[in-house]
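A.B. asks: Chains as they are written, first to last, in numbering that gives the first Met the number 0: chain A, 0 to 231; chain B, 0 to 236.
Calculated directly from the structure, the hints in this document are not laboratory data. Everything numeric in this text was worked out from a predicted model, so none of it was measured. Just so it is clear, CB atoms sit at the ideal spot from N, CA and C, and this is done for glycine as well. Possibly wrong hints are sitting among the right ones.
[To be verified] From the derived model, a few chain B residues whose C-beta atoms are all more than 12 Å from chain A:
1. Leu21
2. Thr23
3. Leu55
4. Gly63
5. Ser85
6. Val95
7. Asp97
8. Asp99
9. Gly111
10. Glu126
11. Leu127
12. Ser130
13. Ala156
14. Glu166
15. Asp168
16. Gly195
[As the list claims (entries may be wrong)] Using 30 Å as the maximum straight-line C-alpha spacing, the simulated DSS-like pairs for lysine-lysine come out as follows:
17. Lys35/B / Lys197/B
18. Lys197/B / Lys131/B
19. Lys197/B / Lys181/B
20. Lys15/A / Lys11/B
21. Lys109/A / Lys40/A
22. Lys181/B / Lys15/A
[Said to hold, decoys possible] Pairwise CB distance ranges, derived in the manner of DEER restraints:
23. Gln185/B / Leu6/A: 24 to 34 Å
24. Leu13/A / Gln185/B: 20 to 30 Å
25. Gly215/A / Asp97/B: 38 to 48 Å
26. Gln185/B / Leu196/A: 44 to 54 Å
27. Glu142/B / Gly215/A: 28 to 38 Å
28. Gly215/A / Pro122/B: 31 to 41 Å
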Amino acid sequence: MEEEIELRQYWEVLRKRWLIVVALPLIAALTSGVISFFIIKPSYQASTTLIVGKKASEAGQAAVQMLDNSVLLANQQLAKTYATIAQSRTVEENVIKDLNLPMTVAEIDKQIAINQVKTTEILEIQVTNTNPELAASIANTIAQEFSKAVIEIKKVDSVSIVDKAVTPDVPVKPNKKLNVLIAFVVGLMASVGLVFLLEYLDNTVKTSNDVETLLGIPVLGVIPNYEMGKKA
Amino acid sequence: MAYSLITLEQSKSPISEAFRTLRTNVQFTSVDSETKKIMVTSAGPREGKSSTVANLAVSIAQSGKSVLVVDADLRNPTQHKLFELSNVEGLSVALVLDQDYRIFIKETAVPGVKVLTGGPIPPNPAELVGSKRMKRLIEEASEQFDIVLIDTPPIVAVTDAAILAQEVDGVILVLASGEVNKDFAQRAKEQLDKVGAKILGAVLNKADMKTSEYYYYYYYHGSDDTKKKHNKRHKAR
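All chains, full assembly: derive it from the sequences and hints.
C.D. replies: Given below as structure tokens:
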């Protein structure tokens, strides 16, 4: 008997404080919307891809080497090394110098992400900035500074740029719809939690069952709530 | 004052029906023994004692019995407001001056219901209520009327109700649903038990209509067998 009533009781608990259940997610969604639309500056992401090449040591071997699986694998492994070089302090410092940026190394470091594109030898330099043009120029400058650095350090022959960074026109952040949705869902969960907490903390006599189990006296009547007016 | 006496103003409303059910149940509690002197109290203030007393009185009168409502809540008399009577004189005066209470009894607009209002607020309500005069007054009144309903102050707050509880045939405890704390309700019951009062039962007041109906239904089909049957039907739907 208890289990059957239980679901109904849960519903009653929610129904009784429906205002909280409705209002809290809406307020959360609205707040998140205001923040996403008006307060957070949109961030733009520009990316450039490049490939680090190494000439074949002996002429004529190039084609064979290119197809050799182990060489390919080694190059893929090397891509990780190159990624670290690309995000090194030296490169970052040079980028700041080149572009005359009012940023510290740590600040620029946060905006940069260097990834190997899947299992290829290609590196992707991603720059996120609130200014779309700056994002693109930082990405391109990193590519330049990186090629200088890598040629010097690793004695590679060339760094070819696959795609130059272009100025992005759609911001990547904030994802307004997602933010609002997340806020709504989190708000909903919080409100349901709150309602049940309030119910749990509510130590009042509510039903005739309560009276009978608590006091062990019969309930002679249940009088519905009605407007009693002023009764000073 | 909207519907202070809903049993009178809207006698066909579900609330009036609830009071009629209460009346019937009170009558059932007194099958064997004569329960004529009934005291109504609650754990805390504002749980709806006075309006329960008044409406129950109207309900009982509507079944053709004579009822006397005694407002023994001398600290905060209310019955005169509900029945729209003067409260210049009343119970307190009758007790202090040791006069025949009968001259203070007032007719109401409801046939069959008479009210002994609280009267001016005395400095020593507990003493007056616990006096021999009060005891005699209740005794005499119960001979004159079919039912004597006594409105009292909240039992946990002051001693008046506990004192009176010893002089009556039964006590009804009014509990405001969603308002009265469980500990508080238990304390009220303990107080009554301590003085050896006969508790007729509780009235769950201010119940949430939608949830209460469900339990209400259970109560009136209260045996375990019917509960199970009812549940199965519920499940099948």
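A.B. asks: None of the hints should be skipped; say for each whether it holds.
C.D. replies: Do the hints match the structure? See the list:
A Cβ of chain A approaches the Cβ of Leu21/B within 12 Å, the least distance being about 3 Å, so the stated non-interface status is violated. Annotated as non-interface, Thr23/B brings its C-beta within 12 Å of a C-beta of chain A; the closest such distance is 9 Å. At roughly 8 Å, the least C-beta separation between Leu55/B and chain A is not larger than 12 Å, which violates its mark as non-interface. With a cut of 12 Å on Cβ distances, Gly63/B stays outside the contact zone with chain A, its closest approach being about 20 Å.
Non-interface status of Ser85/B relative to chain A is upheld: no Cβ of that chain comes within 12 Å, the nearest being about 16 Å off. Separation of Val95/B from chain A is adequate, the least Cβ-Cβ distance of about 24 Å exceeding the 12 Å criterion. With a closest Cβ-Cβ approach of about 31 Å to chain A, Asp97/B is found to remain outside the 12 Å limit, as its non-interface label requires. Against the 12 Å criterion, Asp99/B stays outside the reach of chain A, whose nearest CB is about 30 Å from its own CB.
Every CB of chain A lies more than 12 Å from the CB of Gly111/B, the least distance being 20 Å, so the non-interface label holds. Taking the minimum C-beta to C-beta distance to chain A, about 25 Å, the non-interface status of Glu126/B holds against the 12 Å cut. For Leu127/B, the condition that its CB be more than 12 Å from all CB atoms of chain A holds, with the nearest at approximately 22 Å. Annotated as non-interface, Ser130/B keeps its C-beta farther than 12 Å from every C-beta of chain A; the closest such distance is 28 Å.
The non-interface label for Ala156/B is consistent with chain A: the shortest C-beta to C-beta separation is roughly 17 Å, beyond 12 Å. Its beta-carbon lying about 20 Å from the closest one in chain A, Glu166/B satisfies the requirement of being farther than 12 Å from that chain. The Cβ of Asp168/B lies farther than 12 Å from every Cβ of chain A, with a closest approach of about 14 Å, so its non-interface assignment holds. Non-interface status of Gly195/B relative to chain A is upheld: no Cβ of that chain comes within 12 Å, the nearest being about 15 Å off.
Of the pairs offered as hints, the one joining Lys35/B and Lys197/B holds, with about 13 Å between alpha carbons and a cut-off of 30 Å not exceeded. With a CA separation close to 20 Å, the supplied pair Lys197/B and Lys131/B stays within the 30 Å bound. Pair hint Lys197/B plus Lys181/B holds up; C-alpha atoms about 21 Å apart against a cutoff of 30 Å. A threshold of 30 Å between alpha carbons decides the hint, and for Lys15/A with Lys11/B the separation of about 27 Å falls inside it, so the pair holds.
At most 30 Å may separate the alpha-carbon atoms for a hinted pair to count; Lys109/A and Lys40/A meet this at roughly 16 Å. For the proposed pair Lys181/B and Lys15/A, the alpha carbon gap of about 19 Å is at most 30 Å, so the pair holds. Roughly 29 Å separates the CB atoms of Gln185/B and Leu6/A, a value that falls within the hinted 24 to 34 Å. As the Cβ distance of Leu13/A to Gln185/B is approximately 28 Å, the hint placing it in 20 to 30 Å holds.
Between Gly215/A and Asp97/B, the C-beta spacing of about 40 Å keeps the proposed range 38 to 48 Å intact. Separated by about 24 Å at the C-beta atoms, Gln185/B and Leu196/A break the suggested range of 44 to 54 Å. Glu142/B and Gly215/A have their C-beta atoms about 33 Å apart, which keeps the hinted 28 to 38 Å range intact. For Gly215/A and Pro122/B, the hinted distance range of 31 to 41 Å is satisfied, since their beta carbons lie about 38 Å from each other.
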